[in-house]
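Chains as they are written, first to last, in the numbering used here: chain A, 10 to 609; chain B, 35 to 232.
A portion of the hints provided could be inaccurate.
To be verified - Computed footprint of chain B on chain A; a stretch qualifies when at least three of its residues, placed anywhere within it, have a C-beta under 8 Å from a C-beta of chain B:
1) 182 to 188
2) 208 to 220
3) 231 to 243
4) 246 to 252
If you are wondering where the hints come from, they were derived from the structure by calculation, not from laboratory data.
Bear in mind the structure is a predicted one, so any value in this text is a computation, not a measurement.
No residue lacks a Cβ here, since even glycine has one placed at the ideal position from N, Cα and C.
Spelled out, the chains give:
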Amino acid sequence: MATAVGTAGQVTERSGIWEWMTTVDHKKIAILYGITSFFFFVVGGIEALLVRTQLAVPNGTVIDADLYNQLFTTHALTMIFLAVMPLGVSFFNYFIPLQIGARDVAFPRLNMLSYWVYLIGAVMLTASFFLGGAPDGGWFGYAPLSDRAYSPGSQMDFYVISLIILGISSLIGALNFAVTIINMRAPGMSMMRLPVYMWMTLITAFLLILSLPVLTVGLIELYFDRNFGTHFFAPEMGGDPILWQHIFWIFGHPEVYILILPSMGVISEVIPVMSRKPLFGYAAVVFAGAAIGVLGFGVWSHHMFTTGLGTVPQVVFSASTMAIGIPTGIKIFNWLGTMYGGNIRFNTAMYFAVSFLVLFTIGGISGVMHASPSVDSHQQDSYFVVAHIHYVLFGGAVMGMFSGMFYWFPKITGRFLDETSGKISFWLMFIGMNATFFPMHFLGISGMPRRIYTYEEGLGWDTWNFVATVGAFILALGVLFFIVNFFQTMRKPRTAPADPWGGSTLEWATTSPPPDHNFDVVPEVRDRDPLWYNRDHGISLPARPEHLHIHLPPPSYFPMIVAMGIGLIGVGLLSHLALSFVGVAVLIYGIWGWSLEPTS
Amino acid sequence: MAAGTHEVEHHTSLGVDNRKLLMWIFLASECLFFGTLISTYLIFKGQSLVGPYPDDILDIPLTSLSTFVLLMSSLTMVLAVYGAQHGRLGMMKAMLFATILLGVGFLGFQVYEFRHFAHVGLNLGTNQFGASFFVLTGFHGLHVGIGVAYLISLLFGSMRRSGLGKDRALWVDTAGLYWHFVDIVWIVVFTVVYLIPS
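If we strip away everything but chain B, and leave its shape as in the complex, we get:
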């Protein structure tokens, strides 16, 4: 998908750049990583011996808002990839910046939520809900954080004199794959943890 303006530089057997293929296969591995965490959450659903229970403290409207923020970041990411592939560098930089802001916004919601839960007495060791909830959403948040760092490094890279070089579209495209994956995981987590009643 190194569209139109960008030729794949090295010859590869599939015609896909090695780096992009690496990301695809890495994401396959990540599926199993989150699959195991989500399974753990589901296995312990309803197994908490003491409260607070999910229904007591999960705030669906607030998390819907943070989910909206994260989903919008996928839109800005798509636009950043579009800008990179069509040589519209101003658009690319602006959209990368917007994606970073939305990602940080999502992390802000998560920090608020974690602090609030700790305040009302839900910690890692409180019950099975606390353990599986914090580990699952915490590792998702860690992935968002790594994604933000990834995008910041691309934004800085694009501001150098040489920009991102001739592989610009590929770099942004590959980062986009990671970013969308983390978003998709959140859709599953949001559904499993927040929307399905216990």
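Next up, chain A with everything else stripped away, as it sits in the complex:
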């Protein structure tokens, strides 16, 4: 059996809550990530419902302007940083080692540190509601609105500190995943035999690695402006508010690809398996993904067309933005080509994957529309943009994640989510999301600005706002169905076989759920679709050896201690600096213990 060797001063008990708090097993960390991020998905959803309820009718009185500002800001921050990104990380964690044939990620303790830091940042951001108010300056925190002069409370300090902390978590995770995918592949798995999902994960990791430090510097400068008397973004003292926008969007635009690429990876797994055909144009999909990643760093100023950049930058950024539609289009046609002529199983996972194609394409088309500076100057800051980002983020990223949940649920839990209930929740979400976000195109075209907490009667916005609110509740009902489905499924016996869908990638070569050490024997990879190759060539997996001597890394307290140090530094920066020094001491103690802890 796989053994976890414990020594003095290390965690030896392997039961209950301590096991979960000190685990370094990528599968358990993935489950922690999954549950936490889904919780925040619900929190962000409730925030959105409050916003939609306020806007349902003209002159709404459900919430006041101040709370409205906090809600729309935290809705965006929650959905992006606390729900969709970590939900992606949950799948990365579970399936990177399984798909590349490894026993764990390269740095198991860093993996757990990444989770703890995420949890601290998430709690800090959400707790701000009860500690003087949540951030209220929009998710991009435009300076000088976010400066001390116009935002005197601690709200934007919470924004700065929790985003830096969440950035640390994402950076640690991304470094870990990049090293794992590059360096821990099973024998025979060359880079061009990696599953497409792994390619998209690798590209996402590099986008995070290269874009997060830019945001970190911007946030540090904003924090200095707010607390230490600098004037980076205050124009009256020679500062430049446009600099904040550049810095933010150099991070912010790669960020949208960070949100969508994992879902593109998921459906690149689901569609071939459910169509029972290899992915059409593997190399094209991989290179298109890489092209999206590279081009994603060269389009940020399309968020800033109305700041008066001048003609040449506008033309350049308009062209680069339109260019990014090409690799995206390539992928869409490759997925369609995969389904063409396939023997398709239309189960819930496939429903969500196909809806991704439809909804993401709608969002992509409206994206190309405001790639034109002249068109954009009409749409800037209107509900048209809100419609666009929700089509790509909800219709794209979230629908893709739900596809992944239905596809991989049997692997993770050994149980099938109920198909009938799943299809009901799909249709509720699909109808609800279109009813919510499609009318926003009309609202935007007819001039309704974003981020207004109420509007007058008779501006022609009444009907569509009401429809959007009804849609939001239908959508929420769909998510509720999914939650009920989840709890009902978890009470059923484990019936899933190792490979319920006839999948092609290595995670289906082990039991459902997999053992702690993932694979009894690390499989050898001979093709892009290794399991299909083995099936077609009559190769059976090597038999389980009599004695397994696999040493798994022992659980550890130190990720928790290091994360506490980082959290204390953050709390200190929000209250008393002295607390930060305590945090530094805890951090040093944690790192010291970490490096001396035996790992085998």
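Fit chain B to the known structure of chain A by using the hints.
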């Protein structure tokens, strides 16, 4: 580059140890971190509304000396890596110690410079030069400080009975990557901030 005497222990797809690869990719991230800080400095070059201006107070001869000190620390770091890889532990420890001393020396120059600037009236909030200068060089100094702590922990580790263990060369080599990176950043900062006239 786990040269001659040292075999890579675990099998990896690239043949590079995971920890070293982690450092390389982390340094890619750091490039963007300093790139943004340096860009901020360049954008605000000549944008200060009030003095003191860079030409008034930057002391190029003194900073050339501190730059020399930091660059010499890269030489001693290389020798420490050489010692670690060839089993010459005395050399490794001496050179780690020298690197630490030179790093602390550089930080001493920086503390002196910051205090001097504050004395002649340049603070974070004085003007755009003050803000971008202190944040850029301050975060570089923080990186040097973390590097010094990193090397001190290696030096202490090498004095334990078990030394740095069988991965000795890898640990020192990886720390060396970080140290050289911080040095290279300083070469850019020195050029951009001190040498290019405003």
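Here is what the structure says about each hint:
1. Residues of the stretch 182 to 188 of chain A lying with their CB closer than 8 Å to a CB of chain B number 4, which satisfies the three-residue condition for coverage.
2. Interface restraint, the stretch 208 to 220 of chain A with chain B: holds (3 residues with C-beta to C-beta distance below 8 Å; minimum three).
3. Coverage of a stretch by a chain is defined here by at least three residues with a beta carbon nearer than 8 Å to that chain's beta carbons; for the stretch 231 to 243 of chain A and chain B the count is 6, and the condition holds.
4. Requiring three or more residues with a Cβ within less than 8 Å of a Cβ of chain B, the coverage given for the stretch 246 to 252 of chain A holds, as 5 such residues are present.
In summary, this structure violates none of the numbered hints.
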